[in-house]
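Quick note, the sequence shown lines up with residues 2 to 191 if you use my numbering.
Keep in mind that the hints were calculated from the coordinates and are not lab data. There could be a bad hint or two in this list.
Unchecked claim - Subject to a maximum C-alpha distance of 30 Å in a straight line, what follows is the list of computed DSS-like cross-link-like pairs (lysine-lysine):
(1) Lys59 to Lys120
(2) Lys183 to Lys59
(3) Lys103 to Lys156
(4) Lys59 to Lys18
(5) Lys128 to Lys103
(6) Lys18 to Lys82
(7) Lys174 to Lys156
(8) Lys128 to Lys174
(9) Lys18 to Lys103
(10) Lys82 to Lys183
Said to hold, decoys possible - Quick list of the computed label-pair ranges, beta carbon to beta carbon:
(11) Leu105 to Glu153: 39 to 45 Å
(12) Thr157 to His53: 28 to 34 Å
(13) Phe152 to Lys103: 44 to 50 Å
Bear in mind the structure is a predicted one, so any value in this text is a computation, not a measurement. We put the CB at the ideal spot given by N, CA and C, even for glycine.
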Amino acid sequence: MEVREYLNILHIAERLKDTPRHCTTSRGRTESVAEHSWRISLMALLLRNEFHDADIDKVVDMCLIHDLGECFTGDIPTFLKTDSQRETEDSLLREWGGLMPKELSEYLSALYDEMEAQKTVESKIYKALDKLEALIQHNESPLDTWSENEFELNKTYAFDTVAFSEWLTELRKAILEDTMNKINAEVENG
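Produce the entire structure from the sequences given, and follow the hints as far as they go.
Right under this line is the structure:
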């Protein structure tokens, strides 16, 4: 890869640092897409010894690239994103990927295809972590930053996505416990 190609890729990806997400941090600051991608990548790395049958390096790669399409479209919360918006994001991402060096473009395209198909353990782990990180972030953010639908959504979201893994199911249950404690503490403190 030429150094200019490398820098151009990084300049586009830098947009995610300034692309706000729906969630806020524990201090109430709107988080960026880059921060979300970083943390799910860390979450994957930390699971290296929990999933011996998975290529965790591949999961980390999936986590790092999963929201690159938002460089072009911005972040739209999953419960608001339409099929048309998904198609636009995917199209722009694939167009950009096609401008990259062939070997890299093919690798990223294969990862996106695998992530979309949701048939491999790696793609399932990535998808679960993507959803779980959002729930964890909500639990860390001030309750007054939650949208009205999140009070119920945070109780049910992602259980189906983690069902393939006993460990991730236990993690989801612990996150739900934190959610309920947060909501109940707010009610008690009124």
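Quick rundown of the hints versus the structure:
{"no.": "1", "hint": "Lys59 to Lys120", "result": "holds (14 Å)"}
{"no.": "2", "hint": "Lys183 to Lys59", "result": "violated (34 Å)"}
{"no.": "3", "hint": "Lys103 to Lys156", "result": "violated (43 Å)"}
{"no.": "4", "hint": "Lys59 to Lys18", "result": "holds (23 Å)"}
{"no.": "5", "hint": "Lys128 to Lys103", "result": "holds (26 Å)"}
{"no.": "6", "hint": "Lys18 to Lys82", "result": "holds (21 Å)"}
{"no.": "7", "hint": "Lys174 to Lys156", "result": "holds (9 Å)"}
{"no.": "8", "hint": "Lys128 to Lys174", "result": "holds (17 Å)"}
{"no.": "9", "hint": "Lys18 to Lys103", "result": "holds (26 Å)"}
{"no.": "10", "hint": "Lys82 to Lys183", "result": "holds (27 Å)"}
{"no.": "11", "hint": "Leu105 to Glu153: 39 to 45 Å", "result": "holds (42 Å)"}
{"no.": "12", "hint": "Thr157 to His53: 28 to 34 Å", "result": "holds (30 Å)"}
{"no.": "13", "hint": "Phe152 to Lys103: 44 to 50 Å", "result": "holds (48 Å)"}
Violated hints, listed in ascending order, are 2, 3; each of the other numbered hints is respected by the structure.
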